[in-house]
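Order-wise, the sequence lines are chains A and B. Its first residue numbered 1, the first sequence is counted upward by one per residue in my numbering. Its first residue numbered 1, the second sequence is counted upward by one per residue in my numbering.
Be careful, since some hints might not be right.
Stated by the list, open to error - Quick list of in silico lysine-lysine cross-link-like pairs, DSSO-like style, CA-CA up to 30 Å:
#1 A:K98 - B:K20
#2 B:K55 - B:K14
#3 A:K98 - B:K14
#4 B:K41 - B:K20
#5 B:K55 - B:K42
#6 A:K76 - B:K66
#7 B:K64 - B:K20
#8 A:K81 - B:K42
#9 A:K98 - B:K55
#10 B:K14 - A:K76
As the list claims (entries may be wrong) - Quick look at which bits of chain B chain A covers, simulated, 3 or more residues with Cβ under 8 Å:
#11 40-48
#12 105-114
FYI, nobody ran anything at the bench for these hints, they're computed from the structure. Computed from a prediction, not measured in an experiment: that's the story for all the values here. Ideal Cβ placement from N, Cα and C applies to all residues, glycine included.
In case you want the letters, here they are:
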Amino acid sequence: GQNIDQPTEMTATEGAIVQINCTYQTSGFNGLFWYQQHAGEAPTFLSYNVLDGLEEKGRFSSFLSRSKGYSYLLLKELQMKDSASYLCAVVWAGGYQKVTFGIGTKLQVIP
Amino acid sequence: GAVVSQHPSRVICKSGTSVKIECRSLDFQATTMFWYRQFPKKSLMLMATSNEGSKATYEQGVEKDKFLINHASLTLSTLTVTSAHPEDSSFYICSADTDRPSYNEQFFGPGTRLTVL
Numbered sequence: 001g002q003n004i005d006q007p008t009e010m011t012a013t014e015g016a017i018v019q020i021n022c023t024y025q026t027s028g029f030n031g032l033f034w035y036q037q038h039a040g041e042a043p044t045f046l047s048y049n050v051l052d053g054l055e056e057k058g059r060f061s062s063f064l065s066r067s068k069g070y071s072y073l074l075l076k077e078l079q080m081k082d083s084a085s086y087l088c089a090v091v092w093a094g095g096y097q098k099v100t101f102g103i104g105t106k107l108q109v110i111p
Numbered sequence: 001g002a003v004v005s006q007h008p009s010r011v012i013c014k015s016g017t018s019v020k021i022e023c024r025s026l027d028f029q030a031t032t033m034f035w036y037r038q039f040p041k042k043s044l045m046l047m048a049t050s051n052e053g054s055k056a057t058y059e060q061g062v063e064k065d066k067f068l069i070n071h072a073s074l075t076l077s078t079l080t081v082t083s084a085h086p087e088d089s090s091f092y093i094c095s096a097d098t099d100r101p102s103y104n105e106q107f108f109g110p111g112t113r114l115t116v117l
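Please put together the full structure from these sequences, using the hints given.
As structure tokens, this is what we get:
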């Protein structure tokens, strides 16, 4: 299957750092997205990783290890507005750009 | 750039009626458009993939005769939920893929919340 695993819920304190992990089946892997989704809204793009390593973009960073089938999203200097679901989505090799989403990690930032 | 719109944003209909949802790429041509469904507290589930001028590719378990997809142009795809029932109530989201050489990011529409009474 194309199982994508990520924690369902996390809680972190405002100003802190939080890491959200995602593991996936490596067969057919082509790339990995992280999206942010606030309740009742469509997902918004955060990052896309194809190669191994860490990509930093402001307060958000994303890491990928292709051989281990592992990625994480790192959020620094947490703000209350960061409370949202964070979706890990894998792009599979094939004719179309098929993307499978994980269940999402609901992050709650507390004061 | 890369804005995707959906219409309507919300729709309430009676059981047995059909509902059409439009997805438009406003400032780019979408090579491929995707339709997702999201139930409360669940992740996005891909329903179908459509390319302009060809039949949509449906995911396993999605009834193609119930969820009609028409990808009439490179900027418009429509999803028609035929003979809707209460269990079809969900958040329907479309996304569009571009042919930008950098990477194939999917741009999501704002979603359509369907409630079937």
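How the hints compare with the structure:
| no. | hint | in the structure |
| --- | --- | --- |
| 1 | A:K98 - B:K20 | holds, 24 Å |
| 2 | B:K55 - B:K14 | holds, 28 Å |
| 3 | A:K98 - B:K14 | violated, 33 Å |
| 4 | B:K41 - B:K20 | holds, 24 Å |
| 5 | B:K55 - B:K42 | holds, 28 Å |
| 6 | A:K76 - B:K66 | violated, 45 Å |
| 7 | B:K64 - B:K20 | holds, 14 Å |
| 8 | A:K81 - B:K42 | holds, 21 Å |
| 9 | A:K98 - B:K55 | holds, 16 Å |
| 10 | B:K14 - A:K76 | violated, 46 Å |
| 11 | 40-48 | holds (count 5) |
| 12 | 105-114 | holds (count 8) |
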